[in-house]
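I would like the entire structure built from these sequences, with the hints used as guidance.
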Amino acid sequence: MSLSNEQVNEIAHLARLRVDEADLPEYASNLSAILSFVDAMNAADTTGVEPLAHPLEMPQRLREDAVTEENQRERFQAVAPQVEAGLYLVPRVIE
Amino acid sequence: MEWEVVIGLEIHAQLATRSKIFSGASTSYGAEPNTQACAVDLGLPGVLPVLNKGAVAMAVKLGLATGCTIAPRSEFARKNYFYPDLPKGYQISQYDLPVVHDGAVTIELDDGSTKRIGVTRAHLEEDAGKSLHEGFEGVTGIDLNRAGTPLLEIVSEPDIRSSAEAVAYMKKIHTLVRYLGICDGNMQEGSFRCDANVSVRPAGQAEFGTRTEIKNVNSFRFVQQALDHEVERQIDVIESGGKVVQETRLFDAVKGETRSMRTKEEANDYRYFPDPDLLPLEIDEALVEEVRSELPELPDAKKQRFMDDYALPAYDASVLTASRELADYFEATAEAAGGEGKLAANWVMGELSGALNKAGLDITESPVSPAMLGGMLRRVSDQTISGKIAKQVFEAMWNGEGDADTVIDKHGLKQVTDTGAIEAMIDEVIAANPEQVAQYQAGKDKLLGFFVGQVMKASKGKANPEQVNELLRKKLAE
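Chains A and B supply the protein sequences, listed in that same order.
The first sequence begins at 1 in the working numbering and counts up by one.
The second sequence begins at 96 in the working numbering and counts up by one.
Derived by calculation from the structure, the hints in this document are not laboratory data.
This structure is a prediction, so every number in the text was calculated from the model and none was measured.
One or more of the hints may lead you astray.
List time: in silico EDC-like cross-link candidates among lysine to aspartate or glutamate, alpha-carbon distance up to 16 angstroms [claimed, not checked]: (1) B:Lys225 / A:Glu84; (2) B:Lys148 / A:Glu64; (3) B:Lys397 / B:Glu426; (4) B:Lys267 / B:Glu105; (5) B:Lys505 / B:Glu490; (6) B:Lys541 / B:Glu530.
Here you go:
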């Protein structure tokens, strides 16, 4: 399977990456190569094999429902670019 | 052309756990911004989610109450999208293997008929934070207290055929989650909200029409309005030769209509994949049994029992079992009233509910306790007071004047059942109204009501109305 430049742009947008127009063909060919590995794996006969959700053969450990975290807002916000009135500030997301 | 409406609802119920689904931060509502957002909730590097057993148990509870299959093994997946109130860049949710699936609930419609609505699945996921756009110039404020709060998304089959059925289904689930104690059901705070998928098709057609999704509706009334508007819109589009576009729409409560979200807001390509940070969730028989043993009596069973044990009509039983608190109040009242179920039902649904509504109080905040109300009803059934005087006693109890016996004593409200005393009053009334007596005796039967009224007035409402009626008839016939 081979990806078009347009599809690469779409994937980049979903990941919020800026891609140089000049680099598109190279990305397209690299990503297409990855997809052909997937094709190769898809060709394997997996009849009777259960889908694997996780490589570790164990179930999820559960924690008791108890509050164990204290308020550490000051420490977390000390490394935030911009805060006000206890809120993290980000560039405006709606018009 | 006749159109058939097809609706499916996705209800998000915020689970009433103490801590978050994947972290030990508190979930309590209304805290200072970001004081309940820990490193896991913020998605800081190096942290790992650990699943909350309480949230799992609550999902199992809902599953058992709706006859779902509890999946012995389910998985968590990442739903990827960028938004500032989602710090990790993905929401942890469940995709192809949800925790419970394939159940149903029975809804009751206004005409008394019932209908089965399938529950496709319910899955666990985390809520996002909150974006605050007001009050800032060119920036958005982010509060992550809500990030990581456990949600149960309950997905119905497309079995719903009208907005009224949709509301009945939503109310049913709302009642159920509150009975189960897994969600506080507070719609204003967003603890219980729904997305509605809706389409129309010509009556008799097998294939579904193109559907739209109405996002985030948070009241029963809005669900009805949004669906009614959207159905009408879709029919208009088709009848004028157009095609319904599959899209997400928002309900504008002020205008009472739905509008399209801009495609930029949409762009749904979530690229789900299993979350490598979380192992598969295994639920063994022991956990299922533990949860089953904690199940309370469910609304349908309670309703049937109220009809059987207290001889209540279906309508009363439905109203009284709408919430566990109301049902408990009713039962305690009926017991205190010596088992007078119908009398207790009338008072709880009538006078008490009216007074609570007026005062803006919840049943749990009633100034009149079930023991007080039941005690008063005992005085009604043993004829100490009449039903009419009872209203006066109720008001006094509501205003904190003590229990029924105290109020009856203090205000001298004991019913007059002494035949001699009532006869004396009747004689006075007859003597004072010779004209009406003549008319009555000439055949104007309706005047009996006038005489009853006069006697009751003379007794300050304390005469036993049945006795007054009986004695009046006798005296006037003389």
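We went through each hint and held it up to the structure:
1. B:Lys225 / A:Glu84: With Cα atoms ~15 angstroms apart, B:Lys225 and A:Glu84 stay inside 16 angstroms; holds.
2. B:Lys148 / A:Glu64: holds (5 angstroms)
3. B:Lys397 / B:Glu426: holds (11 angstroms)
4. B:Lys267 / B:Glu105: With a Cα-Cα distance of about 13 angstroms, the restraint between B:Lys267 and B:Glu105 holds, given a limit of 16 angstroms.
5. B:Lys505 / B:Glu490: Holds, because 14 angstroms separates the two Cα atoms, which is no more than 16 angstroms.
6. B:Lys541 / B:Glu530: holds (14 angstroms)
Comparing the model with each numbered hint stated earlier shows that all of them hold.
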